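Going line by line, the protein sequences match chains S and X. Going letter by letter, the first sequence gives residues 574 to 920 in our numbering. Going letter by letter, the second sequence gives residues 574 to 920 in our numbering.
These are computed hints drawn from the structure, not numbers from a lab. The structure displayed is predicted, hence computed values, not measured ones. One should not assume that every hint holds.
[What the hints assert, rightly or not] Listed next, the in silico DSS-like pairs over lysine-lysine satisfying Cα-Cα at most 27 Å (straight line): (1) X/K880 to X/K903; (2) X/K606 to S/K586; (3) S/K729 to X/K606; (4) X/K880 to X/K806; (5) S/K606 to X/K729; (6) S/K606 to X/K695; (7) X/K898 to X/K874; (8) S/K586 to X/K648; (9) S/K729 to X/K729; (10) X/K903 to S/K695; (11) X/K586 to S/K648; (12) S/K606 to X/K801; (13) X/K736 to X/K843; (14) S/K695 to X/K648; (15) X/K903 to S/K801.
[Stated by the list, open to error] Partial selection, computed: residues in chain S whose CB lies under 10 Å from chain X: (16) H605; (17) E607; (18) Q908.
[Unchecked claim] Here's a subset of chain S near chain X, in silico, CB distances under 8 Å, partners left out: (19) G611; (20) Y691; (21) I724.
Each residue gets a CB set at the ideal place from its N, CA and C atoms; glycine is no exception.
Number of protein chains: 2
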Amino acid sequence: MQKKTEQQRTELKDLGEFGLIHRIQQQFAPQHKESVLGIGDDAAVIDTGADMYTLVATDMLVEGIHFDLSYVPLKHLGYKAVAVNVSDIAAMNGRPKQFTVSLGLSNRFPLEAIDELYAGIKQACRNYNIDLVGGDTTSTRAGLVISITAIGEVAKDEVVYRKGAQENELICVSGDLGGAYMGLQVLEREKQVFMVNPDMQPELDGKDYIVRRQLKPEARTDLVYDMKDVGLKPTSMIDISDGLASELMHLCTQSGVGAILYEEYLPIAKVTYDTSVELNIDPTTSILNGGEDYELLFTVKQSDYDKVKQSAEIIEIGYILPKEKGVVLKTKGEQIIPISAQGWKHF
Amino acid sequence: MQKKTEQQRTELKDLGEFGLIHRIQQQFAPQHKESVLGIGDDAAVIDTGADMYTLVATDMLVEGIHFDLSYVPLKHLGYKAVAVNVSDIAAMNGRPKQFTVSLGLSNRFPLEAIDELYAGIKQACRNYNIDLVGGDTTSTRAGLVISITAIGEVAKDEVVYRKGAQENELICVSGDLGGAYMGLQVLEREKQVFMVNPDMQPELDGKDYIVRRQLKPEARTDLVYDMKDVGLKPTSMIDISDGLASELMHLCTQSGVGAILYEEYLPIAKVTYDTSVELNIDPTTSILNGGEDYELLFTVKQSDYDKVKQSAEIIEIGYILPKEKGVVLKTKGEQIIPISAQGWKHF
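All chains should be modelled from the sequences, with the hints used to inform the complete structure.
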C-alpha cells in the first residue's frame with residue numbers, strides 16, 4: 574500500500590492545457606538527431622533516413638468530453654476520429670499514409686456498434702487513401718475512448734511548422750469557420766428538447782451544413798495537394814481544432830510575431846451566421862472561438878499573393894505584425910481589440 | 574436524434590479479443606506497398622524508403638482494467654506504459670526510437686500526480702534511449718487512460734514476424750515467467766487486507782521480485798542487442814503480455830505449425846513458485862497463463878543451438894511440431910496435454 578502523506582495539490586485547471594503541454598515539452602527535449610521535432614507542433618517530425626520526413630500525430634477522443642453518443646452516430650465518430658488526425662498531418666504540409674486505432678469500450682457496446690465505428694474508419698481510409706495498420710482494443714468501466722495515431726510523410730524541403738511566420742506575411746484560412754461550433758449548439762439544443770419530450774422530432778431543417786461540419790468534418794489534405802500544384806508553400810501552418818483565436822496565438826507565439834485579423838474578411842457560411850444570431854451568439858465569437866472546423870490556418874509571403882489568388886478556397890484574413898503590436902482584431906467598426914486564446918477547459 | 578430501432582446485439586465477449594482483432598484485420602488489408610505489415614503482429618511494419626523499416630506499436634492502459642491506483646505508484650505506471658510498447662518493438666527484433674503519450678484523466682488528478690507519471694516516463698526514456706515526441710492530454714469523466722504509440726526501426730533483413738516458425742525449431746524464452754502474475758496476486762491480497770483493516774501493514778517481505786515484475790517490468794531490448802551481437806536471428810518472435818500459452822498459440826497459428834513445451838524446462842523464479850504454492854495456484858498455470866512478464870518468446874533454427882548456448886538469458890522450453898500434432902505440454906509426469914489460449918476476458 575502507498576504511504577499517504579500530506580502533499581501539495583495543484584489543480585490542472587490552474588495550469589491549463591497549454592501550460593501543461595509547455596511543462597512536458599520542457600522536460601522532454603528530443604535526444605536523438607532522428608527526432609527532428611518533438612512536442613509542440615501538429616505532428617512530430619522524424620528522419621528515418623529516407624528522402625521524406627516521417628510525421629506522427631496523435632489524438633484521443635473521450636465520450637462525454639469530445640462526443641455525446643446520444644446524437645453522434647458511431648459511423649461519423651469513426652470517420653471524424655481519423656479525420657482530426659489526418660488534419661494534423663496536413664497542417665505540417667504532409668500526406669497521411671497509415672494510422673493505428675486504439676479503442677477502450679465498455680460492455681454496453683455490442684459488436685454491431687463496433688462495426689459501425691469501423692465502417693466510418695473504413696470510409697476515412699478510402700477518402701484519405703490511408704492504411705489502418707494496427708491498434709489495441711480493451712475494455713473500460715464506462716464510456717468509449719478512441720486514441721488514434723497517424724503516420725504521414727513530407728518532403729524535407731516542404732515541411733511547414735508553426736514557427737515560420739514573419740512580419741508582413743498574409744494570414745489565410747482554407748474555408749469558412751464557426752460552422753462546427755454552431756452545429757454542436759443546434760445538436761445540443763435538440764438533445765435538450767428530446768430529453769423533455771422524446772416524441773418531439775429534431776428541428777434540423779436547413780442546418781445540414783453546420784451539423785455535418787460538427788459530425789463529419791473533413792481534413793484539408795486536398796488543399797495541401799492544391800498548394801503543391803501551384804508551387805505555394807506556406808511559411809507557417811496549423812489546423813483549426815480549438816478555434817481560430819487559439820490557433821493564431823500558437824502561430825504567433827511560436828513565430829515570435831504579432832498579427833492583425835480583419836473582422837470583415839473572416840469567412841462564415843450564411844447558415845452559421847444566421848444560427849449564431851438565432852442563438853444570441855456573436856457570429857465573430859463563433860468564428861474566433863468555435864473550434865473543430867479543421868480548416869487550415871497558414872501564412873504566406875506577400876510575393877505569393879498571385880498563387881493564393883489561384884485558389885478559390887483560400888481566404889486572406891489578415892497579416893503578420895511585429896511582436897510588440899500583439900495579436901489583434903480590427904472590427905467592422907474600425908476598433909482594434911486584442912485576441913486571446915482559449916485551450917480546453919475540461920478540468 | 575438517432576432513430577431507435579430493434580437491432581441485433583452480439584456481445585463482444587462472445588467474439589473474444591482475438592475474434593475481434595481477426596474481424597478488423599480482414600476488413601483492413603493494407604492498400605499501400607509502403608505498409609509492409611498491418612494488423613496482426615506486435616508492431617506494424619512501414620517502408621519509408623529508408624534502409625531500415627519503421628515499426629509502429631500501440632497499447633492502451635485503462636484504470637480499473639489494467640491497473641489499480643490503490644497500489645500502483647504513478648511513477649511505475651508511467652514507466653510500465655512505455656515499457657510494454659517498447660516490448661512490442663523488441664518483439665519485431667527492432668530498436669525503439671520515439672513514442673507518443675496520450676493521457677485521459679479526470680480532475681481528481683492534481684498536477685503533482687501527472688508529474689509523477691511523467692517522472693516514470695522520463696526514466697523509461699533514459700533506460701530505453703527513446704524520445705517522447707508528442708501526445709495529447711484530455712480529461713475524462715472518471716479514471717485514467719494512457720495510450721502510447723512507439724516508433725522503432727529494424728534492418729529489413731532482420732525483422733522477425735510471428736509467422737516464421739518451422740518444424741523442428743527450438744522454442745525459447747528470455748527469462749522466467751509467472752512472476753508478474755504472482756506479484757499481482759500478492760498486491761491484490763494486501764489490498765483486501767488493507768480494506769478490511771487500514772492499520773495493517775502490507776506483508777510484501779521477500780516478495781520484492783514478483784512485485785517489481787508486476788509494477789515495473791522491463792522490455793527485453795537488451796536481448797535484441799545481445800542476439801544481434803552473436804549473429805542469432807530468431808525465425809519467429811512475440812512478447813509475452815497475455816501469457817506463454819496464449820502467445821505460443823499466436824506463433825503457431827500464424828506459422829501454421831504445432832509445438833511441444835516441456836513442463837520441466839519452463840523457467841520460474843523460486844519466489845514465484847513458492848508464492849504460487851502458498852496461494853494454491855499450480856505454478857505451471859502461473860507460467861502458462863500468468864501474463865505481463867514481457868519476456869520474449871521466440872523460435873530459432875536447430876543449427877543456431879550453439880549461439881543460443883552463448884546467452885545465459887535464453888532458455889529452451891520446447892520445439893516446433895507439424896501442425897497436426899497440435900500445441901501441447903509434456904508434463905513432469907510424462908503426460909501430453911493440449912495448451913489453449915486465453916485472450917482478455919474484460920467484457
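Worksheet item: Given S/Q908 was flagged as interface, is its beta-carbon under 10 Å from a beta-carbon of chain X?
Response: Not OK, violated: S/Q908 not within 10 Å of chain X, min 35 Å.
Quiz item: When the nearest CB of chain X is found for S/G611, is that gap smaller than 8 Å?
Solution: holds, 4 Å
Is the hinted pair X/K903 and S/K801 satisfied, with a Cα-Cα distance of at most 27 Å? violated, 63 Å
- prompt: Does the structure keep X/K586 and S/K648 at a Cα separation of 27 Å or less?
  reply: It holds: about 22 Å lies between the C-alpha atoms, which stays within 27 Å.
Are X/K898 and X/K874 close enough, with their CA atoms no more than 27 Å apart? Given that 27 Å is the threshold and the Cα spacing comes to 19 Å, the pair holds.
message: With the threshold set at 27 Å, check whether the alpha-carbon distance from X/K606 to S/K586 stays at or below it.
response: Not OK: X/K606 and S/K586 at ~45 Å, beyond 27 Å, violated.
Evaluation of the interface hint that places S/E607 against chain X, nearest CB under 10 Å:
holds, 6 Å
### Message
Would the hint on S/Y691 be counted as holding, given a Cβ-Cβ threshold of 8 Å to chain X?
### Response
holds, 6 Å
Q: Measure nothing beyond the straight line between the CA atoms of X/K903 and S/K695; if it is 27 Å or shorter, mark the hint as holding.
A: violated, 45 Å
Given the hinted pair S/K729 and X/K729, is their Cα-Cα distance within 27 Å? holds, 23 Å
Checklist entry - Holds or violated: are the alpha carbons of S/K606 and X/K695 at most 27 Å from each other? => result It holds: about 18 Å lies between the C-alpha atoms, which stays within 27 Å.
Margin query: For the restraint on S/I724, tell me whether the closest CB of chain X is nearer than 8 Å.
Written below: holds, 6 Å
Checked against the numbered hints above, the structure breaks hints 2, 10, 13, 14, 15, 18 and satisfies the rest.
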